[in-house]
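Undergrad: Here are the chains, one letter per residue:
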Amino acid sequence: MKKFGVAAFGESGQYDLASNKLGSQNNELNEQLSIFQVKLVEFARQHNKELRDVPRFRAKFMRMCSAIGIDPLSIFDKNSHLFHIDDFYYQICVKIIEICRNTKDVNGGVISLEELHVNYFKNMNIEMEDIEKAIIMLGPLDGGFELFTIRQKKFLRSVPNELTDDQTKILEICSIMGYASITLLRANLNWKRVRSQSVLDGMVASGLIWVDSQSLEGEVLYWDPSWIINLS
Amino acid sequence: MGQQGSRIKVTESDKAMLQLKMAKDELHRYSRRTENLIGVERAELRTLCIKLKGKQLKQDNRARLLLKRIHYQERLLEQCSDQIINLETMVQSIEFKLIEKKFIDGLQKGNQLLKKLNVELNLEKVESIMDTAAEQIEIQREIDDALSNAVVGSTINDEVDRELEQLDREVNGTKETAPGVQDRLDQLPSTKELGELKASEPEKENGESQKETPKEEPLLA
Amino acid sequence: MTLETPQIYKFPPLYTPQTNKLIRKQQLQTWESIILQTCAQLSKWCINKNGKIYDQSTGELLISIFENPEIQRACSLEFQQEIWAYMLQNETALQLKESEDSNMIAIFWESLDSWSSTILEWCETSGKLNQVITIYEICESDENTNCKFYGMPSSFCLLVLHRLVDRNRATLLKDQGKIVGVKIV
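Residue numbers (the numbering used here), protein chains in the order written: chain A, 1 to 232; chain B, 1 to 221; chain C, 1 to 185.
None of these hints come from the bench; they were simulated from the model. Hints may contain errors.
What the hints assert, rightly or not - Subject to a maximum C-alpha distance of 27 Å in a straight line, what follows is the list of computed DSS-like cross-link-like pairs (lysine-lysine): (1) LYS128(C) with LYS169(A); (2) LYS128(C) with LYS101(B); (3) LYS10(C) with LYS15(B); (4) LYS15(B) with LYS174(C).
Remember, it's a predicted structure, so these values are computed and weren't measured experimentally.
The task is simple: from the sequences and hints, build the whole structure.
TA: Below you can see the structure in the form of structure tokens.
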């Protein structure tokens, strides 16, 4: 687009100052933050022994990390065994509990391990096995954390109510195409409409599945929110 | 910050500027419109070109008309751009003049202040003040002296010293040295035991200098 | 340019208002962030209530937010109203009262305060303090093409400038009854 007036005479760089200033401030801050992070990891490595032996020191360090917004998990490095290896898993546990709490309103307290891994832990080089180990450690908490499997896919339940058999079967059907419907349930499990409807309604009320009333077939479809990460 | 409640004043010059800038904006809008129009017409021309070719194109009235219109509009656009530059220049000159005015105002205010201060601080006044101050200092000194003389029993040590020395001179008939220096001369150690003075070189061997060290004396310092 | 949308945008039930209260709330939140994200990416400050956004120069439809032809789902009008009501309540959107188009809604993918600070900073760095500038100059001047607020519609800009007036940093100038200029100090 042609420019008119004085601006026609090439880039008037002086007026870029506003966006440049903000941009450079932003860059500076980012730089400082990353430098700080590097220093923090160095510090942790140097004082590894103290951090490992003196729990109060460790606690203070953790508190400092969280106060400035650095996730202690991100400076953990499995291979160099910073601090104590258990702490590493405790941190994962804490994170898992947090995630479950935050997503409870979307998935009713049932989250697939794949979702946990892909959305939250992959960037930190934490593998599935680590997540599973951490979940095992959550066992004694008696807070209702349980791993269960549906058609070779692992899920974590973080609500006290166990899934009934019927509900599990429905989730199994959902794991094929992402949804279940009365027709599908009749076709695969031979359930009568009344039974299907009541179980489905119960699951909707518990927030385990979402309702979709715009299917082209005209009947209501019930979707499993853990299907979302499969969407392109 | 004290700005709460203070309304920002809009001066007459501000209003004039506003009119200027609005005129500039209108021109800018017009240029944009014209530019878009030119773009559209050029596109039309191209489609015409695609339909007709060669001699047909040159003879086609519509094409010729279109092209002439485009050229005319481009000229208008240039004029517009020039006008915008003119207006911008005027805006900038006005802004600069306003700043100059502020500068002169500031200078004037400074001058007035300086004048006022000078009036208060005229030369005669200063001189009389300084004279009075000098007088007072004199008087103070006299008072000091008077006070120190008035106290019985405390005689000034210097006077006493001088008198005693005078007495000493009269009685003992010593040479005319400055009072007190003769005493000090007697305090210095005798020079009998000193060996010959050798010029001290900094690169001298330790051994040789060691011999001399016990005999060396503060005199060398 | 490819528009980025979160994965859940392709989740069919998102377009059906959920009966579970907690999930409903999450759903509305998701729609709010989709709208904010889309407007931020396209730099659109005001959009039509129907969620259709057009390219300013070519006029082509860039996206119809409430419809997703890929999965053949769309939000009902009622649901759209609900989403707008949610955003209006959260003050992430504002109904423009200008007479021209009562179907336009201002979207605050950045808060008004943040916008007013941006304009203030631009004024300070480009030396426009204590001068009269027109609204047209702020949003359409060729010198500002790199600024975040380039292309901002005047109705939106007015909201931002009013915020500056509230902060005692600006005063508005009228011409023939319409606000056309501002003096920022």
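Undergrad: Each hint: holds or not?
TA: Evaluation of the provided hints:
no.: 1; hint: LYS128(C) with LYS169(A); in the structure: violated (68 Å)
no.: 2; hint: LYS128(C) with LYS101(B); in the structure: holds (18 Å)
no.: 3; hint: LYS10(C) with LYS15(B); in the structure: violated (54 Å)
no.: 4; hint: LYS15(B) with LYS174(C); in the structure: holds (9 Å)
In this structure, the earlier hints numbered 1, 3 are contradicted, and the remaining ones agree with it.
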